[in-house]
Amino acid sequence: MSPPVPALEVRAIGKRYGATVALEDVSFALHAGEVCGLLGENGAGKSTLVKVLSGVVAPDSGEMWIGGAVYSPRNINDARSMGVATAFQELSLVPTLSVAVNLFLPRPAGRGFGLVRLRRLEQEAARVLQVYGVADIHPGALVGELSLGVRQRIEIVRAMMRAPRLLLLDEPTSALSDREWLFALISRALDAGTSVLYISHKLDEIRRICHRCVVLRNGRKVLDSSVAALSDAEIFSSMAGRSLVEAFPVASSAVQPAPPALSVKNLTAEGIEDVHLTLARGEILGVAGLEGQGQSSLFKALAGLLPLRHGSIEVAGRREIFHSPRTARRAGVVLVPEDRKEEGIFKDLSTLANISLPVIGQCHRLRFIDRRVERARVEQIIPIVELAERYLPLNIEALSGGNQQKAVLAQALIAGARCLLLFDPTRGVDVGAKQSIYRLMRRFAEEGGAILFYSTELDELVHLCDRCLVIYRNRIAGEVPRAALSQERILALASGHSLPQRAEEEHFAEKPVVAR
Amino acid sequence: MKITVKIRRALAGGGAPFATVVCLLMYAIYAVRAPSALSIFGITNVLNDAIVLAIGSVGLTVVVLAGEFDLSGVGVIAIANVLVATTSGATGLGAVGSLALVLAIGLLVGTINGVLVALFHLQSLAATIGTMIACEGVALLILPAPGGEVADNIATGLTGDVAGVMPVALLILGGFAAAWFLFKRTSLGVAIYATGADAQAARLSGINLRRTRLVAFMLAGLCYAFAGYMLSAETGTGDPRVSSALLLFMYAAVAIGGTSLSGGKGGVFGSLAGAGILTVLQKMLFALGVAEFYTNIFNGIVMICALLFGNLASLLVGSVRRQVAK
Numbered sequence: 001m002s003p004p005v006p007a008l009e010v011r012a013i014g015k016r017y018g019a020t021v022a023l024e025d026v027s028f029a030l031h032a033g034e035v036c037g038l039l040g041e042n043g044a045g046k047s048t049l050v051k052v053l054s055g056v057v058a059p060d061s062g063e064m065w066i067g068g069a070v071y072s073p074r075n076i077n078d079a080r081s082m083g084v085a086t087a088f089q090e091l092s093l094v095p096t097l098s099v100a101v102n103l104f105l106p107r108p109a110g111r112g113f114g115l116v117r118l119r120r121l122e123q124e125a126a127r128v129l130q131v132y133g134v135a136d137i138h139p140g141a142l143v144g145e146l147s148l149g150v151r152q153r154i155e156i157v158r159a160m161m162r163a164p165r166l167l168l169l170d171e172p173t174s175a176l177s178d179r180e181w182l183f184a185l186i187s188r189a190l191d192a193g194t195s196v197l198y199i200s201h202k203l204d205e206i207r208r209i210c211h212r213c214v215v216l217r218n219g220r221k222v223l224d225s226s227v228a229a230l231s232d233a234e235i236f237s238s239m240a241g242r243s244l245v246e247a248f249p250v251a252s253s254a255v256q257p258a259p260p261a262l263s264v265k266n267l268t269a270e271g272i273e274d275v276h277l278t279l280a281r282g283e284i285l286g287v288a289g290l291e292g293q294g295q296s297s298l299f300k301a302l303a304g305l306l307p308l309r310h311g312s313i314e315v316a317g318r319r320e321i322f323h324s325p326r327t328a329r330r331a332g333v334v335l336v337p338e339d340r341k342e343e344g345i346f347k348d349l350s351t352l353a354n355i356s357l358p359v360i361g362q363c364h365r366l367r368f369i370d371r372r373v374e375r376a377r378v379e380q381i382i383p384i385v386e387l388a389e390r391y392l393p394l395n396i397e398a399l400s401g402g403n404q405q406k407a408v409l410a411q412a413l414i415a416g417a418r419c420l421l422l423f424d425p426t427r428g429v430d431v432g433a434k435q436s437i438y439r440l441m442r443r444f445a446e447e448g449g450a451i452l453f454y455s456t457e458l459d460e461l462v463h464l465c466d467r468c469l470v471i472y473r474n475r476i477a478g479e480v481p482r483a484a485l486s487q488e489r490i491l492a493l494a495s496g497h498s499l500p501q502r503a504e505e506e507h508f509a510e511k512p513v514v515a516r
Numbered sequence: 001m002k003i004t005v006k007i008r009r010a011l012a013g014g015g016a017p018f019a020t021v022v023c024l025l026m027y028a029i030y031a032v033r034a035p036s037a038l039s040i041f042g043i044t045n046v047l048n049d050a051i052v053l054a055i056g057s058v059g060l061t062v063v064v065l066a067g068e069f070d071l072s073g074v075g076v077i078a079i080a081n082v083l084v085a086t087t088s089g090a091t092g093l094g095a096v097g098s099l100a101l102v103l104a105i106g107l108l109v110g111t112i113n114g115v116l117v118a119l120f121h122l123q124s125l126a127a128t129i130g131t132m133i134a135c136e137g138v139a140l141l142i143l144p145a146p147g148g149e150v151a152d153n154i155a156t157g158l159t160g161d162v163a164g165v166m167p168v169a170l171l172i173l174g175g176f177a178a179a180w181f182l183f184k185r186t187s188l189g190v191a192i193y194a195t196g197a198d199a200q201a202a203r204l205s206g207i208n209l210r211r212t213r214l215v216a217f218m219l220a221g222l223c224y225a226f227a228g229y230m231l232s233a234e235t236g237t238g239d240p241r242v243s244s245a246l247l248l249f250m251y252a253a254v255a256i257g258g259t260s261l262s263g264g265k266g267g268v269f270g271s272l273a274g275a276g277i278l279t280v281l282q283k284m285l286f287a288l289g290v291a292e293f294y295t296n297i298f299n300g301i302v303m304i305c306a307l308l309f310g311n312l313a314s315l316l317v318g319s320v321r322r323q324v325a326k
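The listed protein sequences correspond, in order, to chains Z and C. Position one of the first sequence corresponds to residue 1 (our numbering), numbered consecutively onward. Position one of the second sequence corresponds to residue 1 (our numbering), numbered consecutively onward.
No lab work stands behind these hints: they were computed from the structure. It cannot be assumed that every hint is accurate.
Under the rule of at most 20 Å between Cα atoms (straight-line distance), these lysine to any residue pairs were calculated in the SDA-like manner [said to hold, decoys possible]: (1) C:K184 with Z:A109; (2) Z:K347 with C:L122; (3) C:K184 with Z:R119; (4) C:K184 with Z:P307.
Being a predicted model, the structure only gives us computed values, none of them experimental.
Hey, can you work out the whole structure from these sequences and the hints?
Here is the structure:
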């Protein structure tokens, strides 16, 4: 007896963007009525794989079959006609159209040159919303006026209402408060014979609903196994590419005595309240927190991007008022921002020009920019961030995430920063570049610099910081000294528990990586 | 809930009703000073003055809703004008033949624009500057100096009235309004709005962006051509340079009508009212005895006020929404 034909088979899929390899030689199969988890860190290639399967992005190489038939969708409608439906992570609803019209895109008026009959469409939409247990959503409401969580529900309903053979759910719980609703719908879809590819980085969800999981790392499949047979540690180490404890530089603390490099009192701004902190020279001070607890506001306020309502900032003992990142930079305080692509780099410029920007005003002769001086300044700085010289003339967009981040760090350092504000600097960065960034942080501290370091990866905080502040609901909820640093301790504070024991039971298994 | 949804929609679509009210108000002021404005002759006159701008901005609105720019309109209008002036005469193609020729040219230019933008991914602003200049060049080639002659049946037939009660121009504008009323309820109409509002989401929703953009430019080209045909009927002659001033006024009409220049919001009714405002304003100021060289100052102020009102409306929508959320 031959084995049953898999619902989806993917063989040797590859995709690259410029110099960045998004997917390489990925193969797996999905059986009828199965939920398969797809795991990986940010930048591991999960979303690219979803786009390839949905027909949004054409792969460079490889083949796919659905139910035994060759599958090479040219667009999302091809994918739909083959029975593939996707709930996208970035949500694909048009904000200016109503819920009803969105549900029936691209042809709300039916085939041919018909007219949209709004009342009938809304009745039909109300029926669909009822069937999927979200009758509280008004079908005539404009999507742009609904909260993110409601939009995510609509996105999921829109994928499921087509009764697909293959359902792709890309981070479907990122804005969802009621996960049980989704899990119930998934099990209903499975009963109807749908296969589900469930993309998430939340391990408890994967354990809850998936039979099997595939782990991607740097665009390659590194694990494909039954979920029950794996321990959390095994899954995490395959996602991260190393075991959890090793691979951090071991160094003694370089904290120097007073005066502190940065001292903040009573700082209050939009999204952050009454923060006190002191950052000594040579210190790496961690900041931890679940998503949206005010960490982003704290960093922005310190970098001059948010006006202070109260409080003061002192740099090396001098009172400073930062009206803009420019005044902060002048005082030696430099932010490496959260969203590298949007806030960190100038997309159309070369890597060299990106790095030299803060000092370009000094690289002149007779008021004209002297390219040799510029190049010399940049060449001084790039060994510190371990960026290879050959990348300098390339457009920065052609670089991998890791090399882009090194360039951003070089840009932060080139004007002589004394205090770095690093906001999740290793997000979407490959393992090698992470190591470079860790070494750079260590060296910067040893030379007397001060670092305020937020990370969504708790193990980074545990292993790199001298102390760690934990933010919860826009306030500092507590501080963990170096000797007591552990993921459990941080998580307990970050989720609002003061008792570490209880928190360990409830949260450690669930969220060894803090939600992004 | 239902009522607030309705309020929000009325405010969100604030451009067209607001512009219509302003237009009628100005017309009332104009009529007080010049009572002939209320006669069928007076109304026909105003509509004839507005119709070229109105139809041109209808075409532009379709492209703007799809999230693109289109400057080629004046070029197409110029070609259409000189073609009608050279071909519609007794020895030429006649009224219907020259209309068909002109529409074909409009469709061709629209298709070129659409292909450049949708298929070759050129920036629409830059690409249509190119086609605009080329079209104006072609118009000069066809008719190097003002002249030519527009067939009598075009000039009189399209500018008069039917049986002394219904201006022809009103019938034509009503036809465009009705066509839009139906078109925006087709899947393609919805696709144009969706593409302009959020192209990425529209694509992930299965909308064919290329086809949508291409069709938007083609429809616009047809409108421009018809606007050029109407211009010929108004002036009765051909002039390759007569339309240059129209370009910015077309954009002004679209903006006054409440259509967002970044796409996805607004509609043709607003643009019709916008064209009406720009035309009636001139009449009103003249009737009030304001010297003609002040007119543009007021045009500009009206446009800025319309944009401010658009902001105000969205602020109001926001506050209603917050109340609903509570």
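Here's how the hints hold up against the structure:
1. Between K184 (chain C) and A109 (chain Z) the alpha-carbon distance is near 11 Å, which keeps this suggested pair within the 20 Å criterion.
2. In summary, the hint linking K347 (chain Z) to L122 (chain C) is supported, as the alpha carbons are separated by about 19 Å, within the 20 Å threshold.
3. With a CA separation close to 15 Å, the supplied pair K184 (chain C) and R119 (chain Z) stays within the 20 Å bound.
4. Between the alpha carbons of K184 (chain C) and P307 (chain Z) the distance comes to roughly 45 Å, so the proposed pair goes past 20 Å and is violated.
Violated hint: 4 only; the structure is consistent with all others.
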